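Protein sequences appear in the order of chains A and B. Using numbering that gives the first Met the number 0, read the first sequence as starting at 0 and increasing by one per residue. Using numbering that gives the first Met the number 0, read the second sequence as starting at 0 and increasing by one per residue.
Calculated directly from the structure, the hints in this document are not laboratory data. Incorrect hints may appear among the rest.
[What the hints assert, rightly or not] Label-pair restraints from in silico Cβ distances:
1) E345(B) to G75(A): 48 to 58 Å
2) D189(A) to G295(B): 43 to 53 Å
3) R492(B) to M2(A): 32 to 42 Å
4) R254(B) to M86(A): 52 to 62 Å
5) R391(A) to I579(B): 52 to 62 Å
6) T216(A) to K303(B): 42 to 52 Å
[Unchecked claim] Pulled a few chain B residues facing chain A out of the computed Cβ check, cut under 7 Å:
7) Y115
8) K303
9) P305
10) D447
11) F448
12) G455
13) R461
14) Q472
15) K473
16) N476
17) T480
18) M481
19) L484
20) R492
Quick caveat, the model's predicted, so the values are computed rather than measured. For glycine and all other residues, C-beta sits at the position ideal for the given N, C-alpha and C.
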Amino acid sequence: MEMVNIVFNGNKIQVEKGSTILEVANKIGVHIPTLCHLNLEGFGIVNQVASCRVCVVEVEGRPTLVPSCAEKVYEGMVIHSDSLRAMNGRRMAVELLLSNHPKDCLSCPKNLECDLQALAQELGIREIPWEGEMLNYEKDNSSFSLIKDPNKCVMCRRCETMCNEVQTCNVLSAVNRGFESFVGPAFNMDMADTSCTFCGQCVAVCPTAALTEVDNTSQVWTALANPEKHVVVQIAPAVRVAIGEMFGMKLGTITTGKIATALRRMGFDGVFDTDFSADLTIMEEASELIHRIQHNGTLPMLTSCCPAWVKFFEHQFPDLLDIPSTCKSPQIMFGAIAKTYYAEKKKLDPHDITVVSVMPCLAKKAESKRPELTKDEDSNVDIVITTREFARMMRSAGIDFPNLEDSDFDKLMGESSGASVIFGTTGGVIEAAIRTAYEWITGEELENVDFVQLRGLEGIREATVMVGDMELKIGIAHGLGNARKLLEDIRDGKSKFHAIEIMACPGGCIGGGGQPYHHGDMNIIKERQKAIYAEDKGKTRRKSHENKEIIKLYEEYLGKPYGEKAHELLHTHYEPREKI
Amino acid sequence: MDKIRSHIMVCGGTGCLASGSEELITALNNELVKAGYDKEITVIKTGCFGFCGQGPIVKIHPDNIFYVQVKPDDAIEIINEHIVKGRLVERLLFEEPEEKKKLDKHDKMAFYKKQYRIALRNCGLIDPEDIEEYIAFRGYEALGTVLGDMSPPEVCTLIKDAGLRGRGGGGFPTGLKWELTNKSSGDEKYIICNADEGDPGAFMDRSILEGDPHSVIEAMAIGGYATGANNGIVYIRAEYPLAIARLEKAINQARSFGLLGENIFDSGFAFDIKVKLGAGAFVCGEETALIHSVEGSRGEPTKKPPFPSESGYLGKPTTVNNVETFANICPIILKGAEWFSSIGTETSKGTKVFALAGNVNNVGLVEVPMGTTLREIIFDIGGGIVDDKGFKAVQTGGPSGGVITVDDLDTPIDYESLKAIGSMMGSGGMIVMDDETCMVNIAKFYLDFTQDESCGKCTPCRIGTKRMFEILQKITNGEATMDDLEHMDVLARMIKDTALCGLGQTAPNPVLSTMKYFKEEYLEHVLEGKCRAGECKALAKYSINPEKCIGCTACAKVCPVDCIEGKVKEVHIIDQDKCIKCGACYDACKFDAVIKP
């Protein structure tokens, strides 16, 4: 490793050549504020546009201040991050941003989660000397998933990096110029009219409230308050390993039992687990995979539980619509079963049932409104809230989440296997599917269920699993840019896989757009992933087809996996969409 | 073939075309046919002569007679008198304002006397749409020399030795830039001609491309050879349709002559050029923004390093040079580095083209050796201030530069001296202001331009220049306080210190330099609510001097809002509440009775 000698705030030090000034500062314990900078190291996601100028420092011999996030150290460099000149430069950048920022912090959706607000506090800004005209654009409320408020855009371009470089959707870019600039779709089109997949990664990284989720909490409260309604709730696997963060709990705390207690306390009539329907998904998806393999069907088969991924391939690869599995996602399968099987068992009119989902995801909101999934009112999901919204609901209900006692989910749709838990992370769905497919194909019991070769956080992973004497080739991608590469291979006839798992969000659902904000800390996502695998390990049953409630569901209601009734309720179709 | 005995050169630059030179050419041709001379006299549409304030320009060869402000109706007289009878058309000759003497030849005119044309050498001399005319003036000889006798490093060294520096504003040594790209490794390299001329008032690049497009094409090929690039791109703003048309025509001609394409001059060297139109954003003159725009992305600058010479267009080593820089290349190759470096000052060699504009008598393009003083340019070449008013300041460097006052008029111009007096060379815009100019208003004009042209990427430029502009608006509206002045000064310095690219870093210059040299005008606006030039309408207060008013009613008649009262032969009075400060009364009064604020 080549080292260079520099002087940082008067201290002579040796540092690694090629590091940025900011990296050096972080290493030696000097704090330099940042705003536009984002570095999710494990994913290789870097936003280094050096545009906000909040991190400028003084370098001797340079005519202007330099952005520490992008400037690399060199031999003999003399840096002052604490000079009056540097501090004034940083302060002015923040003051200017604030001069063009609505000061409705008290009612802002990002109140206390806003990086700009935190900066203003950190720099002790008490007045803004440069007040003047402010942006005055309309909010974009067009979609079911996210709200775009250009007036709060600080042009950090993080969303653009996520949308264009990471997800390769190319929906967001700078619009207009000069003072009028903001980030949005070309011609400031409505988000709903674009190829946006609603993955919500733009929301996950937006430092302000320029991009936020659509808030559906009041609809949930209204449903809960309606005595005519039987309100059931499902909670996705990734939620349980993240929500504790919003209540100051240790990273990676598993809160499944507390969640069940909280939901019950909030008044839900049925408290269930999306893990149950994840097991159901495996029953169908594994059957479909075996069917395709055994009947020379289209291969590879791609998973279809991520709605952002579904919308992505509809827009970007409309010629490959026969590749993904026809299985509905676990969330939608839950809705279908809740309003049929559960209704029958509980002797309820499906019209009186309201299905609420708590999801780590913004795309799940839009998914629940897809016409083909809502045309039959008796099989849909009614309201979707995110992990963040769920936490807010608990707060407003005065629930002391960290100190709740644990409880179990309700019967009928509450049991789950370890296989379903790992749906929450990249690689989990395919691992779950293999645990089942292995036993079904070979007829033997799978001793070691941990397919570690499928785990990890690399953007594209591949592995070969021996299923009997068959080499099952598995591909895994998370992040839509990585997915695109695998899809292009398929289109070019170069793909060698039997099955591919794709998750739109980096890390899978644990990194979803509806999760507690990670504020650029990659460690948070890693801890969530560890917790997911820990929950799997702790389960007595770790294969979906061993889930007793699932077995009962097929016996009493659905018949055979991949059978007629299952097709009717649990499978769907896709449609080509324009690329805009 | 008939022998042509005389050429009538008519300026076909954008300025003269706008004044009717196309119609003039038609009229001249018609008259030639009528007179029966169309076989021996030919009319040629040339590029810009530079003397744009006097256009359309007509020059007749071989007599070397220079006619100015020629209208289509004058065609008959030019043909019948000059061509048929051999007599000068006196009334179309240029009259030197000082001596009131008619001059028949351009080299007798003060406007041309002190000029030295390298970049503009062929403008007005050749038909830009005919490659053979260019070749006749040693065109493509330099390319032949380079490809035949020189190695790429030798070409870089020659340009370095000549001391040529970038004419687009930065003044970076061109030979060094070429050498850096030459040394960068890459399977493909590019050379880009920056024709995104954006300074308000500057038009030398357009004139070169309109008047002598081959000089740029040839130089790009030489640059391509020197840097190892086989691909050239001209990035030109779409608002320059004539330059684009002539450039494209010239590229096609060069291709058909084998001067672009594969194996040029049997040297094995291949080079071709494509033209990329820009939407005319000022920031795209900044090389990284320009490269992004060529790539099809938003025209936004990115931080340097990496410099384009390492990673430019499509991530490949790229050289970006300005049009005027290219126009200097071939003469350097042909005449040598020593010849070029003998012209100019210690640090700045050769000539510089300026677009002389504003309150100066002779408006147009002037090319002078580096080291010429501003006084020579404005008073000798420019013929002094219009209407014999006093000189107040001159702005060089466009919106990135600053004002220069009478105290510095004798500064020999080069890159360093202009910087030392708070301005800069820029691309060569030169706006002269008379003593009735409001300097606050000038600063506001430039800030309005830069805040509008900011790409919006970095905070200081996006919001800071807007805030500066708002403060200037307050000042010119009489609403500012001393705090505002203080704030603007702080903002200006911080923006210079923190903005991402050159546009932002230099945007405050017009404010800082006017605040430095004309602080008292700012103070008058703020403290006394007064604009001495009367340009800030909100502050203007027209009144009538009762001593001088004879009651002629002329002012009341022209007042568009009827705010002047008074009977015939009685003193008139302006109703200040109704007055819209249009100044019509001031212009109408023949007795100097209206007092301008």
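Comparing the hints with the structure gives:
A C-beta distance of roughly 30 Å is found between E345(B) and G75(A), which places it outside the suggested range of 48 to 58 Å. With their beta carbons about 24 Å apart, D189(A) and G295(B) fall outside the hinted range of 43 to 53 Å. A hinted range of 32 to 42 Å for the beta carbons of R492(B) and M2(A) is consistent with their spacing of about 36 Å. At roughly 58 Å, the beta-carbon separation of R254(B) and M86(A) lies within the given 52 to 62 Å, and the hint holds.
Separated by about 56 Å at the C-beta atoms, R391(A) and I579(B) satisfy the suggested range of 52 to 62 Å. Distance hint for T216(A) and K303(B): a CB-CB separation of about 48 Å, consistent with the stated range 42 to 52 Å. Annotation: Y115(B) was flagged as interfacial toward chain A, and the flag is violated, the nearest CB pair being 33 Å apart, outside 7 Å. Interface hint status for K303(B): violated, as the beta-carbon distance to the closest one in chain A is roughly 10 Å, over 7 Å.
Below 7 Å, beta-carbon pairs count as interface contacts, and P305(B) has none with chain A, the closest being about 10 Å; its hint is therefore violated. For D447(B), the interface hint is violated, the least distance from its beta-carbon to any beta-carbon of chain A being 11 Å, above 7 Å. With a least beta-carbon distance of about 10 Å to chain A, the hint placing F448(B) at the interface is violated under the 7 Å criterion. Restraint check, G455(B) versus chain A: the minimum CB separation of about 3 Å is within 7 Å; hint holds.
A hinted interface residue such as R461(B) counts as satisfied when its beta carbon comes closer than 7 Å to some beta carbon of chain A; here the least separation is about 6 Å, so the hint holds. Annotation: interface hint on Q472(B) violated; nearest CB of chain A at approximately 10 Å, more than 7 Å. Interface restraint check for K473(B): the shortest CB-CB distance to chain A comes to about 10 Å, outside 7 Å, so the restraint is violated. Using the Cβ-Cβ criterion of 7 Å, the hint placing N476(B) at the interface with chain A is not satisfied: the shortest such distance is roughly 14 Å.
Given hint, T480(B) at the interface with chain A, is violated; its Cβ is 12 Å from that chain's nearest Cβ, farther than 7 Å. Taking 7 Å as the C-beta contact cut-off toward chain A, the hint placing M481(B) at the interface is violated, the least distance being around 13 Å. Look at L484(B): its Cβ only gets to about 13 Å from chain A, farther than 7 Å, so that hint breaks. For R492(B), the suggested interface contact is broken, since its CB lies about 9 Å from the closest CB of chain A, more than 7 Å.
Of the hints listed earlier, those the structure fails to meet are numbers 1, 2, 7, 8, 9, 10, 11, 14, 15, 16, 17, 18, 19, 20, in rising order.
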